[in-house]
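Trainee: Going down the list, the sequences are from chains A and B. For the first sequence, the UniProt record's numbering assigns the number 1 to the initial residue and increments by one for each residue that follows. For the second sequence, the UniProt record's numbering assigns the number 1 to the initial residue and increments by one for each residue that follows.
Incorrect hints may appear among the rest.
As the list claims (entries may be wrong) - Here are the computed lysine to any residue pairs in the SDA-like style, where the Cα-Cα straight-line distance is at most 20 angstroms:
id, chain 1, residue 1, chain 2, residue 2
1, B, Lys33, A, Ala114
2, B, Lys35, A, Trp111
3, B, Lys33, A, Thr110
4, B, Lys106, A, Leu94
5, B, Lys33, A, Ser16
6, B, Lys60, A, Trp111
7, B, Lys106, A, Thr110
8, B, Lys35, A, Leu94
9, B, Lys33, B, Phe116
10, B, Lys106, A, Val181
What the hints assert, rightly or not - Which stretches of chain A does chain B cover? Using the computed rule of at least three CB atoms under 8 angstroms from a CB of chain B, they are:
id, region
11, 77-89
12, 173-184
Treat the hints as calculated values from the structure; they're not laboratory data. Where is the CB? At the ideal position from N, CA and C, for every residue including glycine.
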Amino acid sequence: MRPAERLTEFVREALSKGQSRDQIADALGEAGWGHPMIRDALASWQQSPGLPPVPRAARYVSAREALVHGLLFLSLGTVICNLVSLGMTLIDNLIADPLDVYGYGYYGMTWPIASLIVFLPAFLFMNRYINRTAGPDGGRSLVRRWFAAITLLLALMTLLGDAVYTIYALLNGDLTLRFVVKALWVGLLAVLVLGYYRDEVND
Amino acid sequence: MTRTLSIWAILALTVLAVLLGLYQSGGPLEARKAKRDSVRESDLRSLTTLVECQAREGGKRLPEALETTSNCDVRLRLEDPFTNEPYVYTRQGDGLYRLCAKFETKADHWDGTVPFGMRDPETGCLTYEYTPD
């Protein structure tokens, strides 16, 4: 029996003998088990009057989940990347820079606009579809949690990179109004992505 | 809650950015005009081969008008393919000549003089220099 299975089995037996969840958590903590493992083991069982501990639905992995959450992940990624790109061109056009002789015009806008027109509805549709098909516990898909974790990692790295680049520009004498607005734009989009997936990892 | 707010913010920012982008670029109609103008500019640039061929034929002097001859039978458009108006060729002396068309969009603005081979925003003409060698 693997350690995680031994832990879960111990929790089941303790619950069936009438021990409280706090007592079980304390005993496991003293035995050296970490808090996340104790929390997960306790969350595996539901107590109902007159019944032995009832196993909760386990987190699962399925090809369908991978397809659905992969589409959501890629749609969101495409929307955010093209929003960054389109925003950069808009900022270039809106905020004049005396060092920029040639300007950018609208040549860089058409592809991001076309992508956003297609992928924003795709993202909203996938988001709605997942919310409607998820169970009452919000879905216990491992794929969903993994995509959320990867997205959060990318968003956090983007925020950190944005901060590094801003400080670099400041120290290098390149910190213009145009640059500041661009850095804020990237930071805002990264924060929105963090906000979108934050609850997935916390639950 | 945070998730819902994020979705609404992404939606609002995307709609705003797309509308602003379409406004700045002028949308599909403006893009179509720009595409037609790029064909006209390309035609005018190609016509320099005809001018130089005629100049070589005419004793290293710029021709008075554009025309294909047996030795300069280059397959080029001498007129605007969209309006059928002929492209305008004019000599300016000192080996300079201009090729003009009626453009639908404004050319990029240049500070000071317009470089050779670039469209003049005021006249819609491209100026070239013929150097016999």
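Trainee: Now, for every hint given, state plainly whether the structure supports it.
Mentor: Evaluation of the provided hints:
1. B:Lys33 - A:Ala114: 19 angstroms, holds
2. B:Lys35 - A:Trp111: Between B:Lys35 and A:Trp111 the Cα gap is close to 16 angstroms, so the pair holds against 20 angstroms.
3. B:Lys33 - A:Thr110: 15 angstroms, holds
4. B:Lys106 - A:Leu94: Answer holds: B:Lys106 to A:Leu94 is near 19 angstroms, not above 20 angstroms.
5. B:Lys33 - A:Ser16: Judged against 20 angstroms, a Cα distance of about 78 angstroms means the pair is violated.
6. B:Lys60 - A:Trp111: 47 angstroms, violated
7. B:Lys106 - A:Thr110: Holds, at roughly 19 angstroms.
8. B:Lys35 - A:Leu94: 24 angstroms, violated
9. B:Lys33 - B:Phe116: Not satisfied, since the Cα-Cα distance of roughly 23 angstroms exceeds 20 angstroms.
10. B:Lys106 - A:Val181: Roughly 29 angstroms between the alpha carbons, so the hint for B:Lys106 and A:Val181 is violated.
11. 77-89: holds (count 6)
12. 173-184: violated (count 0)
Violation of the numbered hints given earlier is confined to hints 5, 6, 8, 9, 10 and 12; the remaining hints are satisfied by the structure.
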